[in-house]
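Protein chains in written order, with this note's numbering: chain A, 1 to 391; chain E, 1001 to 1391; chain S, 2001 to 2391; chain X, 3001 to 3391.
Note that these hints are calculated values from the structure, not bench results.
Some hints could be false.
As the list claims (entries may be wrong) - In silico lysine-lysine, DSBU-like type, Cα no more than 30 Å apart, as pairs: (1) A:Lys-315 x X:Lys-3277; (2) S:Lys-2315 x E:Lys-1276; (3) S:Lys-2277 x E:Lys-1315; (4) A:Lys-387 x A:Lys-276; (5) S:Lys-2315 x E:Lys-1277; (6) E:Lys-1277 x X:Lys-3276; (7) S:Lys-2276 x E:Lys-1234.
Claimed, not checked - Computed from the model, here is a short list of chain S residues facing chain A with C-beta under 8 Å: (8) Gln-2113; (9) Gln-2283; (10) Arg-2287; (11) Glu-2291.
A virtual CB, placed ideally from N, CA and C, is assigned to each residue, including glycine.
Listed here are the chains, written in short residue letters.
Number of protein chains: 4
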Amino acid sequence: MLDFSPSPETEALVARTRQFVEEVVIPREAEVASEPHRLESIRGELQQAAREAELFAPRVPRDHGGLGLNWRDSALVFETAGRSLLGPQALNCAAPDEGNMHLLHAVGSAAQQARYYAPLARGQVRSAFAMTEPAPGAGSDPSMLSTRAERDGDGWVINGDKWFISGADGAAFAICMARTDDGPTMFLVDADNPGFEITALTPTLDHAFPGGHCEVRFADCKVGADAVLGEIGKGYDYAQLRLGPGRLTHCMRWLGIAGRALDIAMDYVNQRESFKKRLAQHQEMQRLVAESAIEMHASRLMIWQAAWCLDRGEKALHETSMTKVFVAEAVNRVVDRALQMCGARGISEYLPLANFYREIRGFRIYDGATEVHRASIGIRLLREAAKRSDT
Amino acid sequence: MLDFSPSPETEALVARTRQFVEEVVIPREAEVASEPHRLESIRGELQQAAREAELFAPRVPRDHGGLGLNWRDSALVFETAGRSLLGPQALNCAAPDEGNMHLLHAVGSAAQQARYYAPLARGQVRSAFAMTEPAPGAGSDPSMLSTRAERDGDGWVINGDKWFISGADGAAFAICMARTDDGPTMFLVDADNPGFEITALTPTLDHAFPGGHCEVRFADCKVGADAVLGEIGKGYDYAQLRLGPGRLTHCMRWLGIAGRALDIAMDYVNQRESFKKRLAQHQEMQRLVAESAIEMHASRLMIWQAAWCLDRGEKALHETSMTKVFVAEAVNRVVDRALQMCGARGISEYLPLANFYREIRGFRIYDGATEVHRASIGIRLLREAAKRSDT
Amino acid sequence: MLDFSPSPETEALVARTRQFVEEVVIPREAEVASEPHRLESIRGELQQAAREAELFAPRVPRDHGGLGLNWRDSALVFETAGRSLLGPQALNCAAPDEGNMHLLHAVGSAAQQARYYAPLARGQVRSAFAMTEPAPGAGSDPSMLSTRAERDGDGWVINGDKWFISGADGAAFAICMARTDDGPTMFLVDADNPGFEITALTPTLDHAFPGGHCEVRFADCKVGADAVLGEIGKGYDYAQLRLGPGRLTHCMRWLGIAGRALDIAMDYVNQRESFKKRLAQHQEMQRLVAESAIEMHASRLMIWQAAWCLDRGEKALHETSMTKVFVAEAVNRVVDRALQMCGARGISEYLPLANFYREIRGFRIYDGATEVHRASIGIRLLREAAKRSDT
Amino acid sequence: MLDFSPSPETEALVARTRQFVEEVVIPREAEVASEPHRLESIRGELQQAAREAELFAPRVPRDHGGLGLNWRDSALVFETAGRSLLGPQALNCAAPDEGNMHLLHAVGSAAQQARYYAPLARGQVRSAFAMTEPAPGAGSDPSMLSTRAERDGDGWVINGDKWFISGADGAAFAICMARTDDGPTMFLVDADNPGFEITALTPTLDHAFPGGHCEVRFADCKVGADAVLGEIGKGYDYAQLRLGPGRLTHCMRWLGIAGRALDIAMDYVNQRESFKKRLAQHQEMQRLVAESAIEMHASRLMIWQAAWCLDRGEKALHETSMTKVFVAEAVNRVVDRALQMCGARGISEYLPLANFYREIRGFRIYDGATEVHRASIGIRLLREAAKRSDT
């Protein structure tokens, strides 16, 4: 039966998360803005505070010290955490660690779980996911994967260049996707492996990822047989396993940013006057508020529905793809409207909107550009329609 | 707990409804298009078929011969019925009768229920809802109500002009909103009352309403004390009671039209070739499909959520208002894209798309124009934000 | 030197055209709406009035009895005439005759000019342009042309089906595009040729074309050697010659409709009150006006610039293509906004907006759907960019 | 007569400007990006190069050492210069100096021209325009001006706070708008006046203005009688005189940025492959190119037309307002599409697109936010319509 009620326990958890974000996390934002090099240490302090507030690691099972939430409850908590760019860091539910944890927990061996998953879940280390390659390698089209792993005794030697590897600088390890003779395969590579090299920190429009976006070179990178994550040749299957939740959690977190942006803008137009009225009395402002609120409402419901699919054990590639397109575009519009509502003040760094504006732009490109998703969604639906008409 | 599973019984009901619409209802559309004067008689035949198929009157309680569905199950059934403009007629869940039944059942006296509700629920008669007035009367702004009812002995005399009274021609009775000394009040007026006059059938872009859109004059229209629906002075409260479900059921039905339009367009581009490819292989077609599918998915979830609010006994004015804006705009875009995908054939009447295009345009205006809703939504949210900031 | 001043003579001509449309043409619209079968006779009366007003045949050379305007002056006159759907009919500058005259004058032999061009220019007959074919023939992609003309003694036999042949019913002749062994070729076919058959009048969303949109069959249609228009095998070149001006004059005329729609809507919101203000005082109405005015201003300038290209003797396929996309989309939005501004009255046929809404929808599809134009424009620009980068 | 041909001289000048920007200006961009503190010195070097290339000061009269272009020719040159954010700096046609020069030349006394205009025209100094105030002062609504100037002997004492005063840091003087008993008045204030204080450099999303956006305090700022620019009480008239050209030259320059962004994106998709095609072969990329090209074409024509109005001596407030709205919105979309076309590379700083994205956002707010312009345009047109209907 259709039901849109979170449980009272979840509502209480969300309320505690909200309070934590407002009172503990947001007050630290100014420090990060003025002293970006302190991001990692502030992250550590916020994680400790989250542990004490019993809000740490919402998706990590209880026996690993987390809250053990399902995807639907996570949707509510992640959105709330996402009201600050530091919130998901504090709760240890930020990308790319969140997706890596999901993948390691699902397909890692016991030894890999102990060595890689456990410290990640505890927030002791960060990680990276090394799949995207510079042209002419694997970008939107995974079939162009050019990094290769060749057998070398019991182990493997990996060679290839990656880029836009978020969080690689400072990560303890990376999950590396490489082509083998038996198909694409994922490898766990320690950052102190001499064959793992960060060749550049790519300067980008966004700055919120601890460790930035890195260019990484695997140069005769030797790893043992135990570095293979899951099974050889199943790299794409695992990438898909990570993909749906990965992009959906992005949606959850960014929806939080949208909510905060709208709140800031509403407060502004509720106070500021122009043309003998409060700005809030101008119909154009009311329209901008309504359009954002409606799109956020639709975004939230699409996220919840896709989370429900994941909780049922589905891959939900279609649902998360539709949701990702809608939410990424909507969140960009919501932040853009908020900035516009605040006028020159929105352009200034006195409000966090200008920063949100920079940070969210990539969301329409990361995890599949809107145009690529739309083509995939269209092709899928057109094929289904063709099948229906044939019968 | 968030849940997006309809019950198996509901799914079975939806499947039967779908089959009924495809096999019984849609085949009659061509007759209505070529011989519009036969709409009422075809409607009667389809209603009989729906009774036999045990699909009749989904929202009417079982003790009145209906299916007794709650709003959430209705959302699924109404959308399915809505795939044909005749579907809701066949199932007796079309506007304005559906809203009038809801209102009569909620506030009508036992005598009024026997006299007005029962035959309406059985599909024996049609009804009208006489609220909207030509300028300078009550349109978007209900405070401009100019029709008056004055006490006349035990009863009342009503005077005033109404327009855009859907279905009035051929209706057995109308619910008339009029201003009294004790506030706006609803009256039940039989169509054979000599003071009830249909002065014109307004020619409009849409033609699907049996009885059209009428201009109605209440000229020294005398009614008894028992004609007051509910209590004197509570007209606006009742209008609001009818409003939420009224606009939401519109959304449900029109979403069905959008789904059918998209299916027709997908079939077309799956077959037609151009520039050495099937049209479906052109990325622009895939994009149009994806955009429509995403907006329909969001529409459906917003409808379900608002239906859940109604099922909880809420008025859901905010939720149904947001949903109405989004769905009305989205459905218009979906039909527009479908027509565009079919090119010249979309412009022709060989496909039903040109007709859908005419029929749905009013939906962005009826039950509150998009611009009016957006202003209301914005004002409501800005006030709430102001309250939050004050505390 | 850039100059945006029409000459005083042109301004005077436009003023006279405006007056003629307001005082002579628009008053006849109601008759056509209520008695559509009288369209042809009313057209004749209006043409006579235009002759007397010295406004007839603006693009026809003076020695053929027209005004002999260049394309830039035509842009101003056609837009003004276009304020009524009957205006271009009255002035003998409507599609498809206008494009056919242009083509006949450019490439017809002296005999063809005397037989076909002269009576067309005088408004004594109507004509058709028979190029588009039903699937799988020539639609957006002209390379799919399937109508064939084979040599038959000195003459030709044409076989094939066409559809969406505007104005064919009642036309004196058609220009037919057919494939020959020597390439696509245009033929002049008299309507009384026994091999020329109108098989159906396609019912469509729009109704303003005298003669409607017809399905035409060329069945063993024998024509003489003198039926070849211009040279054998040059059919595509001629189609392109007609194409640029053809779509540009569409833009001119439809921009007139947009202008009238906006004026009607402004008058409405200037008079009607709601929520204690005139509608015109609501910022949402001001926004809708401004957006339409801005898009119409841009449309007009793009039309003027493309007309200037044509006056310089260029084919202007790029300019007219860009203009067609922008103007078709803009005009549809302008009419849609006007209808929305007028609320329920906009939906009614009491204003001409509902009719404009039906009439203009095809404009985004006729003469190349927006999606097809965008792809062509993009390909052209990307190729030019590639060439620039190579050098 | 409508004419869209620049003169051969202008075309030659544009070609030389283009070459200068490509060969001299753009190569310096990387230095400014990596060492922003060197912006002023690089600006000086580029201005010297522009002088040598005889491209300096396009709008300054020849007798003051400039090129003496009219507005139409300026439109072409400014757009070309605008392809680099440094281009208008190099040519001494950047805001706010360009607008200040226009104003000083139009209303300054001979002494003011010698003291303020001449060194500005020669590029020896920079200037600021101090009108905007923080809330609750003059922002979009100039009637809220709160800075006051009171008579003090022969001279004046100015008190008040300003913000978003572009270029104030490092400027030699500012034009300050202040309220007097005789109405709003403009004053010339030297930057070394002890009452002129830069209280903060506002951190903002954009960084291209030399001197940034400053918060300025006039604290008992004493100026002489000769500091009044033009006449006392005419401040608003002068502001309007500056306004039209000011916002139009913004449009010219930013259109250059749009053109460069599109070129960069076309080069990228012409080279990069995905899904077995060059990206340029994907229809979605072609669409993005076409939409940008069409909007840029419309933007350019609107700019030219408004420039022609200015050249005729009109204030052109309506035309420049419509143009500003359209161009600001269009340029933001063009840059956004270009970034999207380049995917992850677009997000990186390896291309200038991310920087353009930050720089242009304010353009939808500066010189009147889009929403404010739309309301003004709508009100103006609705009033004109009301007048027409009254007659």
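Comparing the hints with the structure gives:
1. A:Lys-315 x X:Lys-3277: Distance ~29 Å between Lys-315 (chain A) and Lys-3277 (chain X) Cα, so the pair holds.
2. S:Lys-2315 x E:Lys-1276: holds, 26 Å
3. S:Lys-2277 x E:Lys-1315: holds, 28 Å
4. A:Lys-387 x A:Lys-276: violated, 61 Å
5. S:Lys-2315 x E:Lys-1277: holds, 29 Å
6. E:Lys-1277 x X:Lys-3276: holds, 16 Å
7. S:Lys-2276 x E:Lys-1234: The hint holds at about 23 Å.
8. Gln-2113: violated, 50 Å
9. Gln-2283: Status holds, d = 4 Å.
10. Arg-2287: Since the shortest Cβ distance to chain A is 6 Å, the answer is holds.
11. Glu-2291: Status violated, d = 12 Å.
Checked against the numbered hints given earlier, the structure breaks hints 4, 8 and 11 and satisfies all the rest.
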